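Number of protein chains: 2
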Amino acid sequence: MKEKKTPLPALITIFGAKGDLTRRKLVPALYNLYTANHLPQTFAIFCIDYLANNEKDFKGELLAGINEFSRNGKAQQKQWEDFSANIFYIQGDFQKPETFADLKGRTENFDKQNKQRGARLFYFATAPRFIEIIAEGLYKNKICNSPAQHRIVVEKPFGTDLASAKKLNFFLGKRFEEKQVYRIDHYLGKEAVQNIMAFRFANYVFEPLWNNKFIDYIQISVAEEVGVEKRGGYYDSSGALRDMIQNHLLQLMCIVAMDCPASYKAELIRDAKVNVLKHVRRYSGRDVFKNVVRAQYTAGTVDDRPMKGYRQEEQVSPKSATETFVAAKFFVDNKRWKGVPFFLMTGKSLPRQASVITIQFKDSPNRIFKDDVESNRLVISIQPELEIGFLFESKVPGLEMNLKSVAMDFSYQQAYSQSVPEAYEALLLDVLEGDPTLFMRADQVDNAWKVVMPILDAWKKNPLKQLYFYKAGTWGPGEAMRLIKPYTDVLFQLPLSESHGS
Amino acid sequence: MKEKKTPLPALITIFGAKGDLTRRKLVPALYNLYTANHLPQTFAIFCIDYLANNEKDFKGELLAGINEFSRNGKAQQKQWEDFSANIFYIQGDFQKPETFADLKGRTENFDKQNKQRGARLFYFATAPRFIEIIAEGLYKNKICNSPAQHRIVVEKPFGTDLASAKKLNFFLGKRFEEKQVYRIDHYLGKEAVQNIMAFRFANYVFEPLWNNKFIDYIQISVAEEVGVEKRGGYYDSSGALRDMIQNHLLQLMCIVAMDCPASYKAELIRDAKVNVLKHVRRYSGRDVFKNVVRAQYTAGTVDDRPMKGYRQEEQVSPKSATETFVAAKFFVDNKRWKGVPFFLMTGKSLPRQASVITIQFKDSPNRIFKDDVESNRLVISIQPELEIGFLFESKVPGLEMNLKSVAMDFSYQQAYSQSVPEAYEALLLDVLEGDPTLFMRADQVDNAWKVVMPILDAWKKNPLKQLYFYKAGTWGPGEAMRLIKPYTDVLFQLPLSESHGS
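Those protein sequences? They're chains L and S, same order as listed.
Start counting the first sequence at 79; every next residue gets the next number (our numbering).
Start counting the second sequence at 79; every next residue gets the next number (our numbering).
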């Protein structure tokens, strides 16, 4: 278990201070950590961006961000004033050496004032092209040179393919120790995702069933209601496989499929996850098209709002072959999972948002009831609802022995009155405390790329081959059904509490 | 599965028509079956008792009974009139031959009027001493002589010990075929009890865990808030072991511990249950006192009402050694259950009413979390709530990996709007349809007696040895704790929804 460290003064530097991530996620998360007394007594937040900015106006923007996006609603004036007194806007071009010279001076001042070397956290909330530039600036100026106390946080994408990811990891590895590098996949900080390990390994009843003898298939689906919005430029060079499957969905698969580590230590847990990725069957050639379905949305209607087709989106090529939908059937070829398909599904412009993990158990061998007995199903809902539901057969009350599937639910909202911490709160605190458990080690990133590379390669070679289309506001192309039959005919599971009204 | 038989005209005869059972249970159940169209088109209910009675007054009493005790509330006037037109009060002394001669004439008339031999159901809602007398009357007069269509229903107690039970079964066996004899244990007709088989055998995930490898202990507890009330005379010659353990609790144990029958056939299911009883370890001598704790309530307070001590109750001997509380530790010595204790607990004048089956799983072998991980528990609540709850470890929402036991619940009340049929409805319909699945075969009764006889014998030999006392309104004597430690320190489990408020 995580032990609370004696909190050092902490200096948090955010590169990309004017970006959406800072305003929507990072500052609201830091503010919530502050109000919950999770930040050290002494801290400062340096916010760097290249735009000129009046500090007061900038803080006003941050406050507006908290008021709009924080799970706890509007900030209290006194708390905000105390908190924001620690925020400093620094105008600086990441590409200019003086930016880092300036930062160096400020960081040293911070330590001097506190009469001890503090913790330093450098958050790269920037476009990927700045990662190496900023890293080099920090390195050359010896701003992030204490392996024990200085850390960088890098946002995905970690490269755009295996080669670039390796190159990036190599680059960072030359400048920092691996333990200084926190590659963030915010899915791993979600409460419901963190709970999966507790659920699997603190409960004796699940592990005996958690294998190919009892499990028929596993489905991990992340449905998004939104299209590419303003991210068309980035997205068109990326696509759903890179943007979602390579990171979020494969990481969820690791947590579901991993063996129990011998203890709750970051390296053992990350070893166990990498081990899953190493066992994922690699497809090549024809097998790619047989096991992975890609598609692109066309114009349609989501939730009564008309939606453009993907190729009509801003900054997207009208001839784009980039996929906005992927349905993939993976196998983990080890003793535990031999023969159990893992269906990983994601798509944009779908009818609604839902991230759900479904563990479908096999049929009971008992045949003493009528034929319509349904198999057991465990449904872990990550968003929007946080809940664990179990679907089982029960006698319908009445004078005949008729069976029906009913659900047992555990809902966070019902069980706990307080709201659940945002992923970024959990993850930022972990970085401050030096706990890398929920972050991606270099070899996790590499091995995730190894799973998707053959698919990317095959698609690159055949840009339009079996590129299917689905209308915005539908659950994806009919061809995806081919993949999941005969296991299921539901491409995206919903939380049990929604699919089974009481 | 049960198939609906073409419904023959049915003649239902209740011996003991003026008794509580008739008014509180049988007639409300028959009325509910009638209103739900489960009775045959043509039926008559003969109500026999030795008291003179005006039929109109008698029906008034029955109607009052429905209005007070039916799960569906007050009867509708038109329905009651139509239903009660089929009820006939017959004054008759069970000990006089003319009673049966009269009954014979009436039954034959019923068949004549309908121009076919109808089904006949003879319900012995009488004190046990009349069973043989009535059976003999039916037999001699050939009133119940069609093995396929004539049935008798006998209420417990089925004998007062093994010898008397065998004698009674032998007596009935000479006069009727076994398939005509329906020994009723109303616990088996309860919806939640019927559901246990569905739960165990229609869900693949439970059977693999349902054995000594994963289960630590099983607890079956039936707590009663009431004392002996007006039944002191009967109770003082019976006691909790005979009144509750020998029938209800051992039957629940059979359903929990049985193997899956090859098909849903009455004889296979009853075979599987008998097989459990045959494997129950028989105690003798000292082992009785080591494994079975008995006690008697003394004066106290239940739910703010002052309660007499048992020995002060009406018709109870002031020196009585009869137990009103039993806590027994049984073992089913077969491959599946070797080493798993089954704690059967029951008592009167306890703080509240609750019938609950607890399946306690063993500790997880994983030791990756803090030491305070609780083991999984499945809680099947039979009354007052009908629910299945599963207690499991989950991460407490928040920034640390802390675990807590939380509950998933399935509640009948929440899942189904209609009220659940009373046990007597289910059981009476089964008798009418000739389905003996939920009734006790002679060898079930015998084998249940075989389990308790050595205990009764040891107590008889040592009437006051280790007879403990507990104050009315407490959960039993401290000595019972000795028995259940180190497994648990809760003598009577409550439904999960009550013990774990949300």
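These are calculated hints, taken from the structure and not from any lab test.
Just so it is clear, the structure is predicted and the values come from calculations on it, not from any experiment.
Do not rely on the hints blindly, as some may be mistaken.
Note that identical chains are pooled: a pair holds if it fits in a single copy or bridges any two copies.
With a straight-line Cα cutoff of 25 Å, these simulated DSS-like cross-link-like pairs (lysine-lysine) come out [to be verified]: (1) Lys440 to Lys291; (2) Lys343 to Lys448; (3) Lys343 to Lys234; (4) Lys549 to Lys448; (5) Lys245 to Lys308; (6) Lys482 to Lys343; (7) Lys563 to Lys218; (8) Lys291 to Lys413; (9) Lys563 to Lys245; (10) Lys343 to Lys416; (11) Lys134 to Lys291; (12) Lys397 to Lys482.
Checked hints:
1. Lys440 to Lys291: Both: 8 Å inside a chain and 21 Å across chains, each within 25 Å.
2. Lys343 to Lys448: between (48 Å within a copy, 13 Å between copies)
3. Lys343 to Lys234: Within one copy only: 24 Å inside, 60 Å across.
4. Lys549 to Lys448: The answer is neither: 39 Å in one copy and 49 Å across copies each exceed 25 Å.
5. Lys245 to Lys308: neither (28 Å within a copy, 87 Å between copies)
6. Lys482 to Lys343: Only across copies: Lys482 and Lys343 sit 20 Å apart there, 43 Å inside one copy, limit 25 Å.
7. Lys563 to Lys218: Result: close neither inside a copy nor across copies, 55 Å intra and 66 Å inter.
8. Lys291 to Lys413: Classified as both: same-chain Cα gap 10 Å, cross-chain 22 Å, threshold 25 Å.
9. Lys563 to Lys245: Neither: 40 Å inside a chain and 61 Å across chains, both beyond 25 Å.
10. Lys343 to Lys416: neither (27 Å within a copy, 37 Å between copies)
11. Lys134 to Lys291: neither (62 Å within a copy, 65 Å between copies)
12. Lys397 to Lys482: neither (49 Å within a copy, 53 Å between copies)
When held up to the earlier numbered hints, the structure conflicts with 4, 5, 7, 9, 10, 11, 12 and fits the remainder.
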